[in-house]
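From these two lone chains plus the hints, build me the complex, please.
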Amino acid sequence: MKLHEYQSKKIIDRFDVPIPKGRVANIASEAKQIAEELGGRVVIKSQVLVGGRGKAGGIKLARDPNQAKELATEILGMEIKGLPVRKILVDEIVEIDQEIYLGITNDRTCRQPIVIASSSGGIDIEEVAQISPEKIFKLTIDPLLGLQDFQVRDIALGIDLRREYWKQFIKILRGLYRAYLETDATLAEINPLVVTKNKRLIALDAKMIIDDNALFRHPEMMELRDLDVEAPAEIEAQKYGLSYIKLDGDIGCMVNGAGLAMATMDIISQFGGKPSNFLDIGGGAGATKVAAALRIILSDPNVKVILINIFGGITRCDEVAKGLLSALADVKTKVPVVVRLVGTNAEEGLELLVNEKIQTANTLVEAAKIAVRLSTGGAA
Amino acid sequence: MSILVNKYSRILVQGITGNEGNFHAWQMYQYANNVVAGVTPGKGGEWVFEGKVPVFDSVKVAKEATGANVSVIFVPAHFASDAMLEAADAGMELIVCITEGIPVRDMMRVRKYLDQKGSKLIGPNCPGLITPSEAKVGIIPGNITMPGNVGVISRSGTLTYEVLYAMMLLGIGTSTCVGIGGDPISGLSYIDLLEMFEIDPLTDQIVLIGEIGGTDEQQAADYISRYMTKPVVAFIAGQSAPPGKRMGHAGAIIESGSGTAEEKIKALQEVGVQIARHPEEIAIILNR
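Top to bottom, those sequences are chains A and B. Offset between the first sequence (1-based) and the numbering used here: plus 4. Offset between the second sequence (1-based) and the numbering used here: plus 38.
Since the hints were derived computationally from the structure, they do not count as laboratory data. Ideal Cβ placement from N, Cα and C applies to all residues, glycine included. Treat the hints loosely; a few may be bogus.
Unchecked claim - Some residues of chain B that are not near chain A, with every Cβ distance over 12 Å (derived):
hint	residue
1	184
2	200
3	236
4	240
To be verified - When the alpha-carbon atoms are kept at most 20 Å apart in a straight line, the in silico PhoX-like pairs for lysine-lysine are as follows:
hint	chain 1	residue 1	chain 2	residue 2
5	A	142	A	211
6	B	81	A	85
7	A	59	A	85
8	B	98	A	211
9	A	211	A	6
10	A	243	B	283
11	A	361	A	338
12	A	336	A	373
13	A	25	A	59
14	B	81	B	98
15	A	6	B	283
16	A	14	A	25
17	A	278	B	283
18	A	25	A	211
Next comes chain B alone, as it looks inside the complex (with noise of 0.2 Å):
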């Protein structure tokens, strides 16, 4: 078992054509073969893969054609927003946003359009999730990581990475990671995926990846006191971060004071949730 994507899973790619996007639809294909379409505007009839895969106009005359349920897009950042309007507008019931730096102002409307349409949203500014041997939506490498009962949840991507990499050298696999994105306003949380492993009945024990910036974590962490019975571990990013400075992703900023690593720190660990001094502790902790 696993959440969100399965090899049941059926893949829209939304920028096909594009080099970033051919590229990862590529990986993700040879994955575990549940590229089912590409869209790329001006492109219907095209064919891509060794003529396996069509390329539609569009996300709702793709979805006719090929049944595709996940979309996870790859287009520049003008046009990512419509590029998700376009998903929900089309009934997808996930979509998957790779795309760094789209404006704040885009993003409160498009959150607030998908929810009314029912579609959940993973990123933007995000590597995406894999279900190991099943699905993989968006950029986190196959290689990396194995079939397994640990959850895996991040705010960012070559820390989770290495989080991955370190479990399995040590024979741990996850049953999905999820990266929801650096940005300050995003898709699913924290929370909603935390109930999404609570659950699922194959995924045992949870990991949490945060960083400076925001109250997601602080969020999380009352949650966890409330609902979860499973055991997470957690990494909080940027213990040394100065104040006032993005590092990096847009949502990374200590404002006012407020979202330090060290007020995240506290709130998981007053809550039971183990925390790990360095990336490659998470894999040790998970261990014993």
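Extracted from the complex, chain A is given alone in its bound form (with noise of 0.2 Å):
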């Protein structure tokens, strides 16, 4: 789950990690008022879960009260790459000397939390990796151990920072590392970490994202989700314990497995066909859920046809066969469905829908044809 800057930084925030003075607003007279209390001149942030959200102009800044609040105005009625402005921040402006960045995530290659730093801050991580890679500096973590002091220092040391800074730097890594571990995040970035011209160091912007697997021991998050960023259908479906994902196609999927929910799209994909979405079914495909995957595949206008394809290990295709017709008998609806049984009974499952209005397969390239023919105005 991704967190917006203004919700990462307060979570930082608690971790000791300085930040600038501020406060998100949701109205435009708002933002004059806050600007105001941090005496005129400030910066002006859209909350929207993408990056390049200052090129987007999505981050302006105000020298005094009344600019702030039409330049608020301005930014609360922007879409910035088709998400809706709800939220500003609005900070106090610092001068900044330095830029930094600092982040600290998951390595899935070593198994380890990685710290990445670099003295270019400010811009994408991924362009300095590519333009200057010598220029990042990544140490890994002993999941075990922690982060140690000595490691904290090497950081300090390969971003060259000088001697001055160091004790704010390690108070400000040691928080960032603790509000990583503390929250369950994947991702915990500052970028940039700026040096002032007081020579403060102040994490200008934030970003975290928190792993889904740990929510259960966060439930307090549960409130920093945003909606905007997950199509209704995919908030429904999570409801029913159903995986899904909204695509462009017209050519509904419904799988049970990931994998092979994936290699379902991929097919369909290889005879010209386009599926309008990914959905797991999970094992143990009953009635109730499979009516809820059908209503959530025909929520989406596009679909022309349904292909279903499941294996039956432990799930039963008998049993998936009349799930699938008490189902189709609640669910009403004109457009046409493939269905493909096979493993454990299948042959029975096929038998049940044989006089049905459902078009069968033996095989996973036979339905794919049959699917994106239907697809295109072909008959089956």
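Take a look at the structure:
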């Protein structure tokens, strides 16, 4: 789960990482008030969960409270990469002397947390990695030992940080590491961490991503969730324990298992069709689950045909067929359905479906071909 | 022959009295009759499966009493890390964790501890493994594969079943099939298993089933080019997956443009691995 800048800053602030003075606002008049409290000059930052806010015009400087209100009105009316700006962060302006990058993430390859730091902060770290990899310093942390003092010093040395800033830097990295650990973050990033003209280190921008698998330990995080980044059907699917992702094609897919669901989408694409979604119904596909899945797929008006691909292992195909029949009786639709059942009790399952307005197929290739033909207006 | 498990394996089931654990332990018991113990804290002294399999309070006690050497875990996500650590602490040689939804932070710590203890881990978020007719550890259905000379390694569940079944229909069996799981951080990797299959005398060919996310398949390709003499056939799922979206499995995500199916296929093709265009084609290629 991605957190907004203002949410991430609030978290690192709790772990003693200095952040600029400022507050979040929903309406322009609030921005004016915050600007007055902060002495007039402020930066107004759109809070949307995409990168490149600055380039899109979603970050602007205001010289006084009145201009803050004007700019806030403008930014609050914006859409950035398809996402509406519902909140803005109004922060004090700090005079910048140097910009540093500091991030902690999970490294899949070495299976350990990794600290990434660079004296070239302020821009996309992946860009820095490409243009001047020598400016990036990386250090892995033993997950059983945690971040050690000598490692923190190594990082300060690694980015050539002047000694007069070490004390502040050590406190900030320690705080960021604690924030990363205690919130189960998969990314905790300060970019940039700035050295101000009056020699203070401040986290000017922050970004955190929380491990979805760890949300059970952090019920308070659920309130921070931004539903704008998820399609309504994806939110609905979660209620039924379905894993659904909307795509822009016209062949609806219902499959048991994530890998098989991806393979089903791939084969549709290979035969010239376009999947309208990824959908994993998981194990034990009962009638309620199948019906919910059907409704969710059909909530997309672009869907012209539905391909159901079930591998019966522990799940018996005849049970899935029964579930499907009762779901189809419940969710009446004119959209044609192609079913392929294979594995345990597949024959019994297919027999149950024989009299219905359902196309059946024996292999995945055959099923995909039929679905693609139906989606392009051809006969089955 | 086979790798990791065989008819001499003595299997212990952690979470044997839970719904899932009980159902699958029973399937395993019926398949090869080598489930020797169960563990559910607080239920020590009970018996399951018509009084044939004893339940213990801890892995340590169960191991001492029964000589179990393989543990399979079916406990909910928030107890699973503890279950893996307990199994390693008791000295289990192989730990198979079926549970899905374990936090990454926990897995980093668990993996490190297991490495120090010398326990091998398969999973989590995996279907387990099967050596046909000899041992079934986890949830791979027993009736969709048969003994043979193809080693199978996969990151997913039903997609693997699909491949095993297509192989069986053409009369192709497996030496051992291992589901390594769909999480970003897990136990044995493609490379570990490729190495085992390479030296297993009864494995002649290897099937590698991968998916988007991470770089494990690319690392496998590098390993194959350096060390493998046996032919490898691969299928990579997720060629039509959009970037930045998690496709069901926690580890199946294209991040910052990296981990795409294309780059994995390219890496494997370059080292001579035959790529199947769809799961059923794997069996056809193996049959040539």
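Practice problem: Against the earlier hints, flag every one the structure doesn't satisfy and list their numbers going up. | Solution: Hints 2, 6, 8, 12, 13 contradicted; others consistent.
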